[in-house]
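Those protein sequences? They're chains A and B, same order as listed.
Every letter in the first sequence is one number past the one before it in our numbering, and letter 30, counting from 1, is 50.
Every letter in the second sequence is one number past the one before it in our numbering, and letter 206, counting from 1, is 356.
Misleading hints may appear alongside valid ones.
As the list claims (entries may be wrong) - In silico DMTMM-like cross-links for lysine to aspartate or glutamate, where the CA-CA straight-line distance does not exceed 20 Å: (1) A/Lys62 / B/Asp250; (2) A/Lys287 / B/Glu243; (3) A/Lys62 / B/Glu315; (4) A/Lys287 / B/Asp371; (5) A/Lys287 / B/Glu278; (6) B/Lys254 / B/Glu278; (7) A/Lys287 / B/Asp418; (8) B/Lys444 / B/Asp371.
To be verified - Anything over 10 Å on all C-beta distances counts as not near chain A; from chain B, calculated: (9) Pro189; (10) Arg237; (11) Pro248.
Derived by calculation from the structure, the hints in this document are not laboratory data.
Heads up, the beta-carbon is just placed ideally off N, CA and C, and yes, glycines get one too.
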Amino acid sequence: MTIPSTTSSQTPTTSGPVPASAGNPHPMNRIWNAARLNFINKWTVYWIPLMILGFIWLINMAIWWIIDANVSGSDRQDAFQGTQWSGASFYVFVYLLVIGVQSMNMTFAYALGLSLTRREFYLGSSLAFGVLSVAYGGVLTLLSYVEEWTNGWGFGGHMFTSVYFGAGPVWQRLFVFTAAMLFFAFIGAVSGSIFMRWRTNGLLIAGAITMLLVLGAIALVTFTQSWPLVGEWFVASGPHGVVAWTLIPTALAAIAGYFILSRATPKG
Amino acid sequence: MTSSSPSSTASSAVVSVHGLTKRFGKVTAVDNASFEIQPNTITGLLGRNGAGKTTIMQVLTGQDFATSGDVRVFGEHPTENARVLSRISFIKESQRYPDDFQPKHVFQSAPWFFENWDADFAAQLVEEFRLPVNRRIKKLSRGQLSAVGVIVGLASRAPLTFFDEPYLGLDAVARQLFYDRLLADFAEHPRTVVLSTHLIDEVSQLLEHVLVIDQGTLIIDEPAETLRGSATTVVGTRTAVDAFVAGRDVLHRDGIGGLASVTVGRLDADERREAAQAGLELSPVSLQQLIVRKTNLTEKEFETQS
């Protein structure tokens, strides 16, 4: 049985009393180490999401192959045009939402057990969500180019170049993927902190408020007969324009999560 | 959210608590407790389940917020204070770990936060506790889960270490191992240790100071040595015993037929002689018995409730 040795700075073990000042309160170290807590299990953050992505891609390939083998002519063209509306990679975003929830729900309790402050934990975890969003965003961007270069994986299919993401220049794709990831991560984080602070009742109330806001927005748009305007706005903004607007709720969720968690206590 | 500036207090205590009260709704978990914990000692925080032990430790380690009162650890408020918290290791019986964690992940990440972490010592303890490091923590037995905490608490060598019922599910051999390693490492690297437990007799030899809390109130705050001699059981014929204990504070009374066994407070040398002349037998009272007497419970009740 071996224990992985640590890479962080370690003072050589000296015999004698433990000096009362023997802490390591350097703030940046502690925040970065709090971030690292979120990706200590390589399986959870790298391999499992990649494997699921790979599996979904295989299923898609199979479907494309079935269509390819059985449909021909203009129907075939229609069908592959249709794959532009693919939501196949949506799960990656949900995966980040789950990471956000789990971090606030479980890593938080562990972090306090390691004597981190709530502030250090939250800032570190936010940093981790940022790193993961850029990493996942980078992978999806790369795959969107592979999809193009291989002419839709040989079938003209779409999984990473669907209409939701657009097919703009590289920075635009990276931005769309990353910002969308951040949105889901922090929605997860704020939900997780609400649960940590107020338990189920908190989530129910937050859910009810969100539903009322959405309903209000729908009512507003419907009564002013503005649905066509909304549609036009989506088309005019393009994926990156729409995603840019999500940065506002993302930032609000991130800030709210900080203040909600700052008075939360993990229960046994 | 920045922490308070260091304040110089006259006392050298590592922990000093004044009038600490913690309420959860209508329940008062800790009621106006005041005490100090001296550096480089092992203090026992004893009491029944729900007495408020864990709550006190949660407040001292910044995991929970005091309702009122002044709490200082290393001279500062511990809440959200990295300067204080980075010197604390708190091993909680109910500690939760992320679902996907294995013990190896704990031993990999804990050193990031404890400057004095001793990786060799941790590896040795893993061997000795026979802890499977590559199994999901969720799938560990209660004893193995406790071992994870015990190992972190010992190997972190934090200047202030709290063990909250650290041995749940550990068998007698493993518990003895924990006491042995704690004592040996403490001798080599003195530090401040707070041990909360209900297995009082098992740890009584380790403790230098004893705090007993009952229903949120601190009822005993004394050096263990003082406490050990603070009560004596007098055994003999009922009439002789009654004559001897007349006018004394009786902590406990037992009797069968014409025999009586009565626990009273401290006896000095003269009184001991007097008892011997009256044909009475004197026996010391264990820490556990004493605390049980003081918290008004039968021993059996105490053990089953804890």
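Hint-by-hint comparison with the structure:
At most 20 Å may separate the alpha-carbon atoms for a hinted pair to count; A/Lys62 and B/Asp250 meet this at roughly 10 Å. A C-alpha spacing of about 12 Å is found between A/Lys287 and B/Glu243, which places the hinted pair at or below 20 Å, so the restraint holds. A threshold of 20 Å between alpha carbons decides the hint, and for A/Lys62 with B/Glu315 the separation of about 32 Å lies outside it, so the pair is violated. For the hint pairing A/Lys287 with B/Asp371, the CA-to-CA distance comes to about 28 Å; that exceeds 20 Å, so the pair is violated.
For a cut-off of 20 Å, the pair hint linking A/Lys287 to B/Glu278 is broken: about 31 Å separates their Cα positions. As the CA atoms of B/Lys254 and B/Glu278 are separated by approximately 15 Å, the hinted pair is consistent with the 20 Å bound. Simply put, A/Lys287 and B/Asp418 have alpha-carbon atoms about 48 Å apart, too far for the 20 Å limit, and the pair is violated. For the suggested pair B/Lys444 and B/Asp371, the alpha carbons sit about 13 Å apart, so the restraint of at most 20 Å is met.
Its closest Cβ contact with chain A, about 6 Å, brings B/Pro189 to no more than 10 Å, contrary to its assignment away from the interface. At roughly 4 Å from the closest C-beta of chain A, the C-beta of B/Arg237 falls inside 10 Å, breaking its exclusion from the interface. A Cβ of chain A approaches the Cβ of B/Pro248 within 10 Å, the least distance being about 4 Å, so the stated non-interface status is violated.
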